[in-house]
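**Q** Please work from the sequences and hints to get the whole structure.
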Amino acid sequence: MIRDKVTKEELLNIRVGKSEVFTMPSFAHCRSVQSYAGQLKNSEPFPRFSTRIGDMIVGSMQRSITVTRLQ
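First residue of the sequence shown? That's -4 in this note's numbering, and the numbers climb one at a time after it.
It is possible that some hints are incorrect.
Mimicking DSSO-like on lysine-lysine, the simulated pairs with C-alpha atoms at most 30 Å apart in a straight line are [what the hints assert, rightly or not]:
1) Lys13 to Lys3
2) Lys13 to Lys0
3) Lys3 to Lys36
4) Lys36 to Lys13
5) Lys36 to Lys0
Because the hints were derived from the structure by calculation, they are not lab data.
Nothing here was measured: the structure is a model prediction, and the numbers come from that model.
**A** Here it is in structure tokens:
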């Protein structure tokens, strides 16, 4: 399912050591998720995330982003 945004609740619900893959409509949307995940380290309970943006999906501008909760 293609998402327009990822919420704080969705990121915080990722268990430590687990990953979640989100399909976004563009690279800019993926960068937004990446930035937001990085900003959350400054909030309670100080979660840390690793992100990886995948290659463009053939025939569209869509990309996936994998978010892994480290802490």
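**Q** Checking one constraint from the list: CA of Lys13 to CA of Lys0, max 30 Å. Satisfied?
**A** holds (20 Å)
**Q** With the threshold set at 30 Å, check whether the alpha-carbon distance from Lys3 to Lys36 stays at or below it.
**A** holds (11 Å)
**Q** Given the hint that Lys13 pairs with Lys3, does the C-alpha gap stay at or below 30 Å?
**A** holds (16 Å)
**Q** Decide if the proposed pair is consistent with the structure: Lys36 and Lys13, CA atoms, cutoff 30 Å inclusive.
**A** holds (17 Å)
**Q** Is the Cα-Cα distance between Lys36 and Lys0 30 Å or less?
**A** holds (18 Å)
Hint check: no violations occur; every hint is consistent with the structure.
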